[in-house]
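Using the sequences and the hints, build the whole thing.
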Amino acid sequence: MSNSSISITTPVAELSAVEIPSRSGVRNSLNATFREDRFFLMLAVFIGLFSGFAVVCFRLAIDWTRIALLGPVPQAHSLRVLIVPAAVSLLLAVVVIHVFPLVRGSGVNQTKSALYIFNGYIPFRTAIGKFLTAALAIGAGHSLGPEDPSLQIGAALASGLGRRMELSREKLRLLAPVGAAAGLAAAFNAPISAVLFVIEEVIGRWSAGILGSVVLAAISSVVVVRWFLGSQPLFRIPAITLARPWELIAYALLGFVGGIASVIFAKGIAYFRPRLRALPRWTQYFQPAVAGLIIGLIGYLGAPQVMGAGYEYMDQAMHDQFKWQMLAGLAGLKILATTLSFTTGTPGGMFAPTLFIGAMLGGAVGGIERHFWGAHLTGSTGTYALVGMGVLFAGFLRAPMTSVFMVLEVSGEYSIIVPVIIANTVAYVISRGLQPVPIFDLLSRQDGLDLPSMEEQREENILRIEDAMQLPAGPVLDSRETVQGAYERTQALAADTFLVRLSPTGWKFLTKDVLKKAVGEGKLEMNLGSILTTPPLPILHPDLPLDVALRYVNQAPIVPVVSRADFGKLEGVISSEGVLSKYRQ
Amino acid sequence: MPWLFTTARLKSVLRRPPVVVSILSLAAVLAFIAVSHLVHRYREEEKALARHLYGDGQAQLNSGKPDNAIAYFRAALTYDPADFSYQLSLARALRDTGRIPEAKSYLLALWESSPDDASVNLALGRLAVREGDTAEAIHYYHNATYGVWNSDPETHRRDARFELIDFLLRQNALPQAQAELITLAASLPRNPELEIQVAQRFAKLGDYEHALSEYQTILQHDKENVEAEEGAGECAFELHRYATAEKYLSAAARADHLDPQLEQELRIARLIIESDPFIHWISGSERDRRIQEAFKAAGERLNRCGKLPEAGANGTSEANPGSTGTVDVNSLRQSWNALNAKPSRRSASTESEKTEQMMNLVFEVEQQTQKDCELTDIDQALLLIGEDRDGADR
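Protein chains in written order, with numbering that gives the first Met the number 0: chain A, 0 to 584; chain B, 0 to 393.
Everything labelled a hint here was simulated from the structure, so no lab data went into it.
Keep in mind that the hints are not guaranteed to be accurate.
[Stated by the list, open to error] To give an idea of the chain A side of the interface with chain B (calculated C-beta under 8 Å), a few residues:
(1) Phe-38
(2) Phe-45
(3) Ala-67
(4) Pro-71
(5) Leu-166
(6) Leu-233
(7) Ser-379
(8) Glu-576
[As the list claims (entries may be wrong)] Taking CB as the label site, the calculated pair distances span:
(9) A:Phe-117 / B:Ala-7: 51 to 57 Å
(10) A:Tyr-270 / B:Thr-96: 39 to 45 Å
(11) B:Lys-46 / A:Tyr-270: 43 to 49 Å
(12) B:Lys-46 / A:Gly-301: 28 to 34 Å
(13) A:Glu-311 / B:His-138: 49 to 55 Å
(14) B:Ile-99 / A:Asp-449: 27 to 33 Å
(15) B:Glu-43 / A:Gln-324: 36 to 42 Å
Here the structure is a predicted model, which is why all the values come from computation and not from measurement.
Just so it is clear, CB atoms sit at the ideal spot from N, CA and C, and this is done for glycine as well.
Here is the structure:
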């Protein structure tokens, strides 16, 4: 019996020793696989998937609400169109004030607040509230869009998941933008634009630590949305041709008009929002309803296109369905309707209305230009409408990079890139000139929050080491020269500290006192290197931010600034006095 | 082992990354199933709604309101954007209401997704016809001809080719139209109606030989086909085969009342048969008689058209400023009188020479006077005889 057991167990034991890792080995292997960084990436994929599911449901909810409330084809002169937005808004106001007070507005600033103020905390309730109220508001015809709420829903899901995982505060803080990118990517079906927007507008900097997670989350969510809702681009536009380079002037003109329109739109919101919020509390129950009534009236009188997100009408504008007069009218009415919806605190986003205004304005400007110079312009109305979208995105939301990629992604048409870049740049410059504070910063300031301004950060003049470095006060010594030689070279100099270039590489510093002491001890023929006991100095490069120098200048009286190509080539030295005096300037 | 089930231990287990990933994976699978179910149900509802809207659109289209139909088709596409027939109907309605760029955009998108679909190619072909783009029309109509039709492919292919041929005829692209017609004729089933359509198009592009052949094929199987008889008669007339023309037109006239043009052709054909002195099988005396008759007819024509003004200094007729009056009636009359007075000779060669001169004068008189003086049937017959002789000379 015992023999047989031995004969059986021995091979197993051998096998376990050779092929099957021990329990501790498995644990180590798992631990290595699920290191926090890798686990964070995995979590980003799950955030993307769940955000994608949530956004699919959100879009279905909006569509279903719209069909149920306004009918499959909202038509002018229909009482339903007149009454529904106001009636639903009364209910919405009560729900927002009493049940979900954090769901007002678009959601972009709330996500920024979570990142910069609340350590990544966004209540899960906010996601539910935003889902329900925004679906109801957009479905009932408020001139708002689903993208910014999707962004906030994604961020809230990510935040909730991170809290469940009990992640570190640092990681938890980073999860909100990851979820935001996933939500926005799913809403636009445009992963690159979503990633760029989150980096441009929410995080404000390119950070390798988070970029991977943001990209993974955005792609995962887009995969989910495309699985369920199809992969075709948001808009189908006619073929684009640009026969003559000087046609770009026409697009630049569109950029100019778009820049002005962006400023009007932003100033309207900036003017009305604080004034409406300053009204007595009881009026807040009726403000969305009044906005809804006016929007319903606009729809009733003949422009139901301004109700809701309006993507189908953007598509029509791109296909030359409206005359330029109609397009211009719709752009103006949409500015009015969106200003009303947004400033009364109705939950919903501004991305879709911005694109709508841009498309209509672009189509109108294109129509006028073609009316006067039709024989010389090859761009269709669709081309101008598409460029117009980017123009408003750049001018109003002030996200220039996102605006370019967004146009490319929503149309799948890359040949339009040059007109888009030119028009967007013009609009951005004009908007910045006339409205120095970007809309999201303006809103956060109106809310009493001092969130970092991404535009200011982008344009901040960063101090670099080259701005504070100086030439060394004395000669650069070599570690191979004798103590006597070094003493003779430095004795007469006023400087007290000298840099010593080590062989083959590295730097140290030497004071006159140490040198004098070595001479006194009779070490005249010894190499300088042998009397230097201090550790090697850190090395800095001229292009590094000055902040980096602050970490090192207290370790030594002077720190060498060397060339990146040759660490032995001294570009200058930096000291704590030099850094501080530069900051004082 | 109760310690296994303590809350603290459970929490500790649940917090382990592999467990977390497993739970999240399971949750994702469950969410996927739930959302799939939801989307499926919603899509079904949307499709039903889209079908309803599409039906409304078709009703609007049938009642002659294409603009309203477009609104319904658009709405249908909002709820079922991938439906091919909705897209095609919208594109067609857009095309029919003159919204060419948008229609083209839709159709090109459809074409990119289904380049073999014959309906899309046909719609694009029709769009190219509207734009007058011959090369593109030929390209898309060919695709439609050889593409995939869901039902009755033969008829659809034939109709597409007929459309293309009609377009090419309108564009005066005759060689292309002829090539298409020859291909079409070769693939036609035995159907007189279709064969007549083909023959008519051959005749329209001036290929009377093929047209006559088509008509004759029809008449081989359907001897009583008046339309084919008329067509064959007309084609034979155009080919200057007057006996054949007379045969078919007479048969048609017996069966049905001919239209005035065909009636005239029949009369002229008969006159040519009766008057042509160059027919090889008539006797010498009959030939002389015909020459004398033709010569006499030319003299009468000179008398009838004798009031024609002579050519002015600038070569323009004074009576009819619109015509180039280069007719020298006096000279023709002098020639006619001279030949008329010339006595007949016994010598065969001199007699043949005189005959030749008489007929040459007859043809010259008819040609010179045809522009400015109304043509009778005999004049037209003589002109055609003259043309045939010129052709023979050539």
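Hints, verified against the model:
no.: 1; hint: Phe-38; verdict: holds (5 Å)
no.: 2; hint: Phe-45; verdict: holds (5 Å)
no.: 3; hint: Ala-67; verdict: violated (11 Å)
no.: 4; hint: Pro-71; verdict: holds (6 Å)
no.: 5; hint: Leu-166; verdict: violated (11 Å)
no.: 6; hint: Leu-233; verdict: violated (11 Å)
no.: 7; hint: Ser-379; verdict: holds (6 Å)
no.: 8; hint: Glu-576; verdict: violated (49 Å)
no.: 9; hint: A:Phe-117 / B:Ala-7: 51 to 57 Å; verdict: violated (29 Å)
no.: 10; hint: A:Tyr-270 / B:Thr-96: 39 to 45 Å; verdict: holds (43 Å)
no.: 11; hint: B:Lys-46 / A:Tyr-270: 43 to 49 Å; verdict: holds (46 Å)
no.: 12; hint: B:Lys-46 / A:Gly-301: 28 to 34 Å; verdict: holds (31 Å)
no.: 13; hint: A:Glu-311 / B:His-138: 49 to 55 Å; verdict: violated (32 Å)
no.: 14; hint: B:Ile-99 / A:Asp-449: 27 to 33 Å; verdict: violated (55 Å)
no.: 15; hint: B:Glu-43 / A:Gln-324: 36 to 42 Å; verdict: holds (41 Å)
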